[in-house]
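Novice: Sequence lines, in order, name chains A and B.
Mapping to my numbering: the first sequence position 27 is 27, numbers consecutive.
To convert, count from 1 in the second sequence and add 1000; that's my numbering.
Everything labelled a hint here was simulated from the structure, so no lab data went into it.
Beta carbons are placed, not taken as given, at the ideal position from N, Cα and C, and that holds for glycine.
Accuracy of the hints is not assured; some may be wrong.
Claimed, not checked - Computed beta-carbon distance windows for the label pairs:
#, chain 1, residue 1, chain 2, residue 2, range
1, A, 80, B, 1044, 29 to 35 Å
2, B, 1011, A, 73, 40 to 46 Å
3, A, 73, B, 1075, 25 to 31 Å
4, A, 101, B, 1041, 40 to 46 Å
5, A, 8, B, 1081, 28 to 34 Å
6, A, 103, B, 1027, 31 to 37 Å
7, B, 1081, A, 70, 18 to 24 Å
8, A, 24, B, 1061, 25 to 31 Å
9, B, 1068, A, 14, 47 to 53 Å
Unchecked claim - Pairs of lysine-lysine, DSS-like flavour, derived with a Cα cap of 25 Å:
#, chain 1, residue 1, chain 2, residue 2
10, A, 3, A, 53
11, A, 59, A, 78
12, A, 57, A, 78
13, A, 3, A, 59
14, A, 3, A, 57
15, B, 1026, A, 57
16, B, 1056, A, 57
17, B, 1056, B, 1104
18, B, 1026, B, 1056
19, A, 59, B, 1038
20, A, 78, A, 62
21, B, 1104, A, 3
22, B, 1056, B, 1038
23, A, 53, A, 78
24, B, 1104, B, 1026
25, B, 1038, B, 1104
26, B, 1038, A, 3
27, A, 62, B, 1104
28, A, 59, B, 1104
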Amino acid sequence: GPKVLQIPSHQIIDMGQMVTLNCDPVSNHLYFYWYKQILGQQMEFLVNFYNGKVMEKSKLFKDQFSVERPDGSYFTLKIQPTALEDSAVYFCASSSSGGALAEQFFGPGTRLTVL
Amino acid sequence: SQLAEENLWALSVHEGESVTVNCSYKTSITALQWYRQKSGEGPAQLILIRSNEREKRNGRLRATLDTSSQSSSLSITATRCEDTAVYFCATEHDSGYNKLTFGKGTVLLVSP
Chain A
1 GPKVLQIPSH QIIDMGQMVT LNCDPVSNHL YFYWYKQILG QQMEFLVNFY NGKVMEKSKL
61 FKDQFSVERP DGSYFTLKIQ PTALEDSAVY FCASSSSGGA LAEQFFGPGT RLTVL
Chain B
1001 SQLAEENLWA LSVHEGESVT VNCSYKTSIT ALQWYRQKSG EGPAQLILIR SNEREKRNGR
1061 LRATLDTSSQ SSSLSITATR CEDTAVYFCA TEHDSGYNKL TFGKGTVLLV SP
């Protein structure tokens, strides 16, 4: 089936540094999402993105977070500066439409460890 | 409190047996989805059941939805070892932007 890729699979950085998580969504999908999962907890919605704009974001999407998809390339999540509580697995997803019933296809996640 | 949550943390069955995972949610929904996540992979949708539907099937999978009790179940018949995974329910609220709210998941172990 359609695949979403995420690069890197693991990232270890020092607190205060910047990190960029990359997502290669399903070809021709137009809607993109980031979710965060802290170990042992449920996956939580961070943000969705369409047509170059953030459509909706949760309270977890702090001011230090930003997303973009320059020129139709990777959909990225940037955290600057990072904090210890940002350690989690970040999942990217994409869908062909933005309606409530559109299937989201998820990547395998990037495990971020902030020291 | 969780907006969506599965009722059991873990289940263990032998191959060939049937198993049911239950989920409850706390707000009105547009739809409820069941996802499966295998080790090292992202979640993959199994079944989407709309709020006006009571049952949905997909091969060996059967999902039910009871909006009056705000609960759902996912049943797997004739389980296989490859069904071993974490099973999540996720609800879609009418925000218009396809924002999913996930439960913590139920770990299912299917042994030979």
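Novice: None of the hints should be skipped; say for each whether it holds.
Specialist: Going through the hints against the structure:
Separated by about 31 Å at the C-beta atoms, residue 80/A and residue 1044/B satisfy the suggested range of 29 to 35 Å. Roughly 42 Å separates the CB atoms of residue 1011/B and residue 73/A, a value that falls within the hinted 40 to 46 Å. In this structure the hint that residue 73/A and residue 1075/B lie 25 to 31 Å apart at CB is violated, the actual value being about 42 Å. Remark: the range hint 40 to 46 Å for residue 101/A to residue 1041/B is contradicted by a beta-carbon distance near 23 Å.
A C-beta distance of roughly 30 Å is found between residue 8/A and residue 1081/B, which places it inside the suggested range of 28 to 34 Å. With their beta carbons about 21 Å apart, residue 103/A and residue 1027/B fall outside the hinted range of 31 to 37 Å. As the Cβ distance of residue 1081/B to residue 70/A is approximately 43 Å, the hint placing it in 18 to 24 Å is violated. Roughly 29 Å separates the CB atoms of residue 24/A and residue 1061/B, a value that falls within the hinted 25 to 31 Å.
As the Cβ distance of residue 1068/B to residue 14/A is approximately 52 Å, the hint placing it in 47 to 53 Å holds. Only pairs whose Cα atoms come within 25 Å are accepted, and residue 3/A paired with residue 53/A is accepted, the gap being roughly 23 Å. Simply put, residue 59/A and residue 78/A have alpha-carbon atoms about 16 Å apart, close enough for the 25 Å limit, and the pair holds. Between the alpha carbons of residue 57/A and residue 78/A the distance comes to roughly 14 Å, so the proposed pair stays at or under 25 Å and holds.
For the suggested pair residue 3/A and residue 59/A, the alpha carbons sit about 28 Å apart, so the restraint of at most 25 Å is broken. A hinted pair counts as satisfied when its Cα atoms are at most 25 Å apart, and residue 3/A with residue 57/A qualifies at roughly 24 Å. This hinted pair checks out: residue 1026/B and residue 57/A have alpha carbons roughly 21 Å apart, not beyond 25 Å. For the proposed pair residue 1056/B and residue 57/A, the alpha carbon gap of about 31 Å is over 25 Å, so the pair is violated.
Pair hint residue 1056/B plus residue 1104/B holds up; C-alpha atoms about 22 Å apart against a cutoff of 25 Å. Restraint check for residue 1026/B and residue 1056/B: the C-alpha separation of about 21 Å stays at or below 25 Å, so the hint holds. Among the hinted pairs, residue 59/A with residue 1038/B is inconsistent with the structure: their alpha-carbon atoms are about 28 Å apart, more than 25 Å. With a CA separation close to 11 Å, the supplied pair residue 78/A and residue 62/A stays within the 25 Å bound.
For the suggested pair residue 1104/B and residue 3/A, the alpha carbons sit about 23 Å apart, so the restraint of at most 25 Å is met. Restraint check for residue 1056/B and residue 1038/B: satisfied, since their Cα atoms lie roughly 22 Å apart, inside the 25 Å limit. Restraint check for residue 53/A and residue 78/A: the C-alpha separation of about 15 Å stays at or below 25 Å, so the hint holds. With a C-alpha separation of about 14 Å, the suggested pairing of residue 1104/B with residue 1026/B holds against the 25 Å cut-off.
Distance restraint check for residue 1038/B and residue 1104/B: the Cα-Cα separation of roughly 14 Å lies within the 25 Å cut-off, and the hinted pair is therefore satisfied. Note on residue 1038/B and residue 3/A: the hinted pairing holds, with a Cα-Cα distance of about 15 Å set against a maximum of 25 Å. Straight-line distance between C-alpha atoms of residue 62/A and residue 1104/B comes to about 22 Å, which keeps the hinted pair within the 25 Å bound. Under the criterion of a C-alpha separation no larger than 25 Å, the hint pairing residue 59/A with residue 1104/B is consistent with the structure, at around 19 Å.
Checked against the numbered hints listed earlier, the structure breaks hints 3, 4, 6, 7, 13, 16, 19; every other hint is satisfied.
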